[in-house]
Structures are given as structure tokens and as C-alpha cells.
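K.L.:
Spelled out from the first residue to the last, the chains are:
There are 2 protein chains.
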Amino acid sequence: MTPPHRPLLSQARRPLTIEIPAVDERGDTVPTSIAGEHPLTLYVDKREIVTLMTLGAAPEALAIGWLRNQRLVRSLDEIAAVQVDWDTDAVAITTRAGMQDAERKLGSRTVTTGCGQGTVFGGLMDEIDQIRLPHDRQLRQSTLYALMDAVRHHESIYKQAGAVHGCALARATPGGCEILMFFEDVGRHNAVDAIAGQMWLDGLDGSDKIFYTTGRLTSEMVIKTAQMGIPFLVSRSGLTHMGWQIAQKIGLTMIGRAQGKHYLLFSGADRFERD
Amino acid sequence: MTPPHRPLLSQARRPLTIEIPAVDERGDTVPTSIAGEHPLTLYVDKREIVTLMTLGAAPEALAIGWLRNQRLVRSLDEIAAVQVDWDTDAVAITTRAGMQDAERKLGSRTVTTGCGQGTVFGGLMDEIDQIRLPHDRQLRQSTLYALMDAVRHHESIYKQAGAVHGCALARATPGGCEILMFFEDVGRHNAVDAIAGQMWLDGLDGSDKIFYTTGRLTSEMVIKTAQMGIPFLVSRSGLTHMGWQIAQKIGLTMIGRAQGKHYLLFSGADRFERD
Numbered sequence: 001m002t003p004p005h006r007p008l009l010s011q012a013r014r015p016l017t018i019e020i021p022a023v024d025e026r027g028d029t030v031p032t033s034i035a036g037e038h039p040l041t042l043y044v045d046k047r048e049i050v051t052l053m054t055l056g057a058a059p060e061a062l063a064i065g066w067l068r069n070q071r072l073v074r075s076l077d078e079i080a081a082v083q084v085d086w087d088t089d090a091v092a093i094t095t096r097a098g099m100q101d102a103e104r105k106l107g108s109r110t111v112t113t114g115c116g117q118g119t120v121f122g123g124l125m126d127e128i129d130q131i132r133l134p135h136d137r138q139l140r141q142s143t144l145y146a147l148m149d150a151v152r153h154h155e156s157i158y159k160q161a162g163a164v165h166g167c168a169l170a171r172a173t174p175g176g177c178e179i180l181m182f183f184e185d186v187g188r189h190n191a192v193d194a195i196a197g198q199m200w201l202d203g204l205d206g207s208d209k210i211f212y213t214t215g216r217l218t219s220e221m222v223i224k225t226a227q228m229g230i231p232f233l234v235s236r237s238g239l240t241h242m243g244w245q246i247a248q249k250i251g252l253t254m255i256g257r258a259q260g261k262h263y264l265l266f267s268g269a270d271r272f273e274r275d
Numbered sequence: 001m002t003p004p005h006r007p008l009l010s011q012a013r014r015p016l017t018i019e020i021p022a023v024d025e026r027g028d029t030v031p032t033s034i035a036g037e038h039p040l041t042l043y044v045d046k047r048e049i050v051t052l053m054t055l056g057a058a059p060e061a062l063a064i065g066w067l068r069n070q071r072l073v074r075s076l077d078e079i080a081a082v083q084v085d086w087d088t089d090a091v092a093i094t095t096r097a098g099m100q101d102a103e104r105k106l107g108s109r110t111v112t113t114g115c116g117q118g119t120v121f122g123g124l125m126d127e128i129d130q131i132r133l134p135h136d137r138q139l140r141q142s143t144l145y146a147l148m149d150a151v152r153h154h155e156s157i158y159k160q161a162g163a164v165h166g167c168a169l170a171r172a173t174p175g176g177c178e179i180l181m182f183f184e185d186v187g188r189h190n191a192v193d194a195i196a197g198q199m200w201l202d203g204l205d206g207s208d209k210i211f212y213t214t215g216r217l218t219s220e221m222v223i224k225t226a227q228m229g230i231p232f233l234v235s236r237s238g239l240t241h242m243g244w245q246i247a248q249k250i251g252l253t254m255i256g257r258a259q260g261k262h263y264l265l266f267s268g269a270d271r272f273e274r275d
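If you read the protein sequences in the order shown, they are chains A and B.
FYI, the numbering for the first sequence is 1 to 275, going by UniProt numbering.
FYI, the numbering for the second sequence is 1 to 275, going by UniProt numbering.
Chain A extracted, bound-state conformation (with noise of 0.2 Å):
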């Protein structure tokens, strides 16, 4: 797949960790590196749509993501340009031709369990019913472990400072496992957003990919996974029914709880393969 046409843009990173002194239990004074966390207000042809809280590393694939992921542009083609400025904690979204269907989507508001934004709006199970996910793809376990490794060894604010959630896109390899992109935010939402923009940035299509997330399984997120095209999707952490209930009715290969060798595969067998 071709990338499609770039719309023009920022690239507006902030400093992700800020030191500051704690006091330990000793009574020690600890230098301690804590995580950002700014507001960016989400403007759409000069129109203020939503302001997400955000650690600030990716804000351009951030904001065309959330906008894909709310179903308010429908390709990276709608988007003519994309300009973050911290000055006014602000990025401004230019569109070709506007939003689709915006008033009846900004007019629904769906909070959900979203770690960085909870807002799915316009309805959170709309398209539900749209999603079509290939069959033809397998998930060998050498390539989920792979995959754990490769998340395990890479480089993380988390593990500097803790309190953000990271997640990974993946494909299978013949070695093992190839992390594409790794995006972190103080909320797990906002990393699936910025992984949903940043495929468009780049032309990737979701479905011979995997998606790994710290964030726990809820049906926001197992929602957002297939409407990125992606048949597998897996986390360290549990997950909720509706999670489950929606990952069944629409196929999708969940796997939580992955630790070391440990983890449950919760639905989508028919895509999985032990070895």
C-alpha cells in the first residue's frame, strides 16, 4: 500500500519527563522523574472540538488518530494539514472538504473507561456490526513470545517515570517479532490514537499486524483494534466482559493477561497457533 498523500505538519514533541524532589519513607530527598502531561486542544477548521490530555511525544499522530478513531475523517486524504503550537497547548486541523456526519457525532457523548480520553463519540457501537476482520492470518506463539520480548526490551518513558501506558504495532517476522511503532501517553487511549494516525502517516494496513497494549482490554479498546483493521490484539492486563463480548461477535483474536510465558487467550482462536 502506497502512502497516500502527507498532509502537512508539525512535529511539536515536548520534554516527556520533568525531574522533580520526593521525599522518601527514610525521609531522603529522591530526585524523581515524573511523566508530562499537557492539555492540546483539538481545533477542525478553526472549530474547538475536544482538548485530550496528553504526555506530548506524538501530538500530530495523536490528533489525526483521535480524529480517525472517532470516526470523523474517513482517510489521511481528508486531512490537508496538522500544526501543533505549545504556546497556545493547541493543534490546528485542516481539513479538505470538513468532518463526516461531525453534528451527529459531537452531539453523542459516550464517556468510556479510556485512559486519555473516554470519549467515543457518536455512539460506541455504530460500526460494530461493519467490521470485517481477515481469517486467513495466524498468530504463532513463538511470534506472541517474540513479541513480548521485543516490548520487554524496548525503551520506555515507563520505565523511567512510570504513570503512562505504552502500546506497540507488530508484525511477525521469520526471526520472530518486528515492532513497526511504539507510542506512550498518560492515557492508554491516547497511544491507540496515535498508532491509528501514525498508520495513515505512513500507509500500513492493519490486517497481517498485531497491537500490544499495557492498557487494559475494554471494549473501547477492542473496538478501536478492528476499526484499525487488526485482527490481534494483546495485553498484559485483564479485561472486561463487554471487551470479550465484542472481541467474540466480531472476531478478533484477544489474548490478555501476557506475562513471560503466561496468557489466556480469551477469543479468536481459530487464529492461533501453539507450537
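Misleading hints may appear alongside valid ones.
Below, computed lysine-lysine pairings styled on DSSO-like, alpha-carbon distance capped at 27 Å [unchecked claim]:
| # | chain 1 | residue 1 | chain 2 | residue 2 |
| --- | --- | --- | --- | --- |
| 1 | A | K261 | A | K159 |
| 2 | B | K261 | A | K159 |
| 3 | B | K261 | B | K159 |
| 4 | A | K261 | B | K159 |
| 5 | B | K46 | A | K159 |
Honestly, the hints are just simulated from the structure, not real lab data.
Given chain A, work out where chain B should sit, using these hints.
P.N.:
For chain B alone, coordinates are given in the frame of chain A:
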């Protein structure tokens, strides 16, 4: 403080966990308890306000607390009835005289890093400057350790099914620490809001209480704790820089990364006494 007039309440708790089959790394099928997640749409005086995704453990307290923490009602007296109906996944709230400044507040969407819900209508920082926390209360290290012990021993959904966050309201006692209420939800912000709602229902003042959360100390968590008048905030997790800045600004005593005998005191040291 005498309990205020109590609104008419339903008592509509959902089954909190559901058992489903999962396949582990050995290929064995393992019955696994997972947390429920249900949409709950809040209607105030027949007007649809928001849909929260919740575990369903305390929907009435959650609805009241959500309205309190969004500053859409100022006291319990304003609420005449809270009726949850899971057949329609809805809670109907009736007020005595309408919501405070609803149009302005509902028109402004800040989506924060909250788990459970992440929208603080009407601006995140609007009323921070008006918050005054008492400085005549002390938290002793021994009380902190007693709190962490009590939380660890508290029966919880998390121990059984994972994927939830817990919050506790506690107070110091001569013997150590007493947990007054403990709420879990799929999102930490729902758990906070349920505590806020139950405090109103029980007529509890926050100034001599300690707030414990398993969730991270972000800007929204710090603001909500302060809005409830509670000077002590403890988490086993980390914090963000904005959470720290706000705690510093309003003089909240904030302790993070609290596990076992370890903790870090980040703010409000004037109220903390090591033993």
C-alpha cells in the same frame, strides 16, 4: 455533620464478575472471572447528559458523584431522586431546581486521562483557585502504613478478576486507620466519583479523611480529591507532572508509589509526620 436530606434512590447493583472460558499457554481451558462493563446513560430532568461505562457496583453513588465532581450540582439537597434501570442502561436523576450553569459547562469538553470517564465539563482548572484545604490536620507515617495494610487486606474484585481500579476513603484512628468506604470500577474516575457521591449520601466531610487510589495521580485525580475537601491523597501508582503542579499549587499532601514500606511524598510535606 448531620446527613442531609436523602434523595429517593434505587439500589441497582449488577453482578460484578462473569466467568468465561480462556485457553492458557499449555492449551488448557481455564474458567476465568472477568469484570463486568456496562453503559450507564445519565439523564438529568429527562435530558441526556453522558454515558459512563461502569462495573455497575454502585450506580446511584456514581451518578450523584459524577454530577458533584463535574460541579453540575452543589449539594445533595438539589437532588430529588436517582433511579437506575438496567433494562434501559439508564439512570434518571431528578433535581429540585435544575443544574448549575449547565449550558456553559456541558458545552466545553476536556477529555482527560481519566479511566472510567475522562470528561471534566466546563474546564479543568476553573475552580482550582477557590479550593482551600485545611492545614491543621496531620498524617502520620504509621497511619499511612496502616492504610496500606488495610487496603491490601480488603476484599476486592481486583483480586478476583483484575481489570478494575479501586478507591478508598479512610480516616486515622487511635489504632491506625479505618476504611470508611471502598469502591471499584473499570475506570478510576468512576471509583472516585462513587466515593464523592457516597460521601454526600453519608454526610461526610473530607477535611479529616485520606483518599487512597490504585490509579495514577493525574491532574484530574488531584483536582477531584481537592474538590472533595480531602487534604491527603495516596496512590500505589505514579503521578504526572501536571498532577504534581496542581498539588503544589493547592497545597495537597500527595504520596505516590506507595507499596509495602516504600512511598514517595511529593507535596504538602507540612502535614506529614514520619515516626
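K.L.:
For every hint, state whether the structure bears it out.
P.N.:
Cross-check of the supplied hints:
1. A:K261 to A:K159: holds (21 Å)
2. B:K261 to A:K159: Between B:K261 and A:K159 the Cα gap is close to 21 Å, so the pair holds against 27 Å.
3. B:K261 to B:K159: Holds, because 21 Å separates the two Cα atoms, which is no more than 27 Å.
4. A:K261 to B:K159: holds (21 Å)
5. B:K46 to A:K159: violated (47 Å)
When held up to the earlier numbered hints, the structure conflicts with hint 5 and nothing else.
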